[in-house]
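Spelled out from the first residue to the last, the chains are:
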Amino acid sequence: MNHWLIMPIVLPAVLGPLLIMLGRIDHVLARILSLAGCVALIAISVGLLQQADSGPQTYALSAWVAPFGILLVLDRLSAVMLVLTAVLATVVLLYAMAGWDRRGRHFHALYQFQLMGINGAFLTGDFFNLFVFFEILLIASYGLMVHGGGADRLRAGVQYVIVNLVGSTLFLIAVGLIYSVTGTLNMADLALKVPQVSSDDLALLQVGALLLLLVFGVKAALVPVHFWLPDTYAQAPAPTAALFAILTKVGAYCILRLYVLAFGAQAGASAWLAQEWLLPAAMVSLTLGLVGVLAAKRLGQLASFSVIGSMGTVLTAIALFTPTATAAALYYMLHSTLAAAALFLLTDLVRERRGHHSDALTVAPVFAHRSLLAAAFFVAAIAMAGLPPLSGFLGKLLILQSAWPTPYAFDVYLALLSTALLGIIGFVRAGSTLFWKSTAQQGRIEAEGVSHSVLPWVAVGLLLSGIVALTVGAGGVHDYLSQTAQQLYQPQLYINAVLFPQGGQ
Amino acid sequence: MEALVASAVGVLTAAGIYLLLRGRTFPVVLGLALLSYATNIFLFAIGRLKINQAPILSDTALGYTDPLPQALVLTAIVISFAMTAVIVVMSLRSYLESGSDHVDGAQQNKEEA
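Here the protein sequences line up with chains A and B, keeping their order.
Just so you know, we're using this note's numbering here: the first sequence kicks off at -8 and counts up by one.
Just so you know, we're using this note's numbering here: the second sequence kicks off at 7 and counts up by one.
For the record, the hints were derived by calculation from the structure and aren't laboratory data.
You may find that some hints are simply not true.
To be verified - Among the chain A residues that face chain B by a calculated CB cut under 8 Å, a handful are:
1) E126
2) I130
3) Y133
4) L145
5) R146
6) V149
7) V152
8) L156
9) V157
10) L163
11) G167
12) Y170
Stated by the list, open to error - What follows is a list of derived Cβ distance ranges for each label pair:
13) A:F401 x B:A60: 57 to 65 Å
14) A:I33 x B:T90: 33 to 41 Å
15) A:D17 x B:E103: 24 to 32 Å
Glycine included, every Cβ here is placed at the ideal spot set by N, Cα and C.
Given these sequences and hints, build the entire structure.
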């Protein structure tokens, strides 16, 4: 058995408790260890990415065979998500090391537990295990969300916890409903059982499956269950908000995994169950997100609503449920994760330099590093709004191209193109208010306590160069993601790897 | 027995949702707890309701009850217990820092205005 498969879960699980103890004694050592862990995660996940080329691989915990034991499954999709997580986590940790990690206790330990939960959710092949990893990543995210404290942040934190606890309850009910009619918790086994469900039990199964869609929708900030996101992300500490850019993608990943594998082409009466709900909801999310970008009064809000908008774009493409659209969705997902993280980090840099003006979108005098921040914001805004030449434009182009042969072409074109205009206006307004109009004002803001560390700039630079790299290497990346989508739309490969490792069906 | 279990789940869920929609954190926490009780009973029932049956395979047993839901319920109980502890601590911290126990901080704003 290939033990590397479980390393993305074991490594942070071991580092976390160590960091709890080390954090009390020596914070420099804790930082180094935490960063080393993240860098090691990049190496491991890139290694796993190469192994995933030879088809889905499984790791049976305690050597219990499927469908009785819990399995981890690595395929191209989960490997891509692991690499994205590790890269984002490393860069964001660099940013946090400039000072955020010292504003409360146990930042690094919580950070590692968060990574453990995220990696577990990407790797597991079992529903109930997915629930457990969701809880791990959530409980760590509660800690990270209120890191540093403050009344506003705690209020937003309490709301975030309540929404997610209700989500977890719904998750359990959905899992229960599905188990009660199929008798399995293994995703591959479920794919085999779903077509066999009798017509009497069909309603129960579909209610369960759609409740699960709602739960993943809460994670992915899908309208109408997106309302927790703007306040949470805007109030969260900057490194947390940037890392949370991957949390919404966990929801998108689960939708893609479950509704292609178990409720896809071979599901009989439940085939493509999610599509008719997901597509309209995703397009409304897209519209609402970009209207929010236009209406935002603070830069943090603007970044949060742009996350909802980008999730709407990703889910619209996913909801088409074709291999080419999924490849486009994955490309856009990689891009929007980096762009959103960059926006949140930039918001924090602006906030700390503008004194009492904070990140409000009002005209205020010139502040420190204005031109450098303006240039970085310019690049991030171009990426997020989807203008040429950066990867946001390529991603949207790929989605439009893949939507053309489908019956939903008109709706998708209308939604994507009209909201693109809203996004551009929103970002232009924010940029000119913050950076350009400030030169006409008298005086200069001298904020206190501005960090002189070079690390935040390195982190933002790395994220922006990641976007540039995605643009330059778009051909290669898209080829790989097309193969990923092809693998995803051959559920038999996944099912055989999990249930019939010796050959068989 | 079916009617009893089903109505217990229904009543707990209804009470839980009612409390969840209240404005202050304490009823909301109670509502979350009731909802998790409802879920736990519901999970028990997903393996079908059976009395005096063995959960372990044996040659002499005449029938079986599904052991998996019981294991799931254990996990769910532990997790919901931990989560209730987290939300209690966070609501307390939020109350102490802001002086308002409203979920949306409404009272605090009213006093300021």
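### Message
Need the list of violated hint numbers for this structure, in ascending order.
### Response
Result: no hint breaks.
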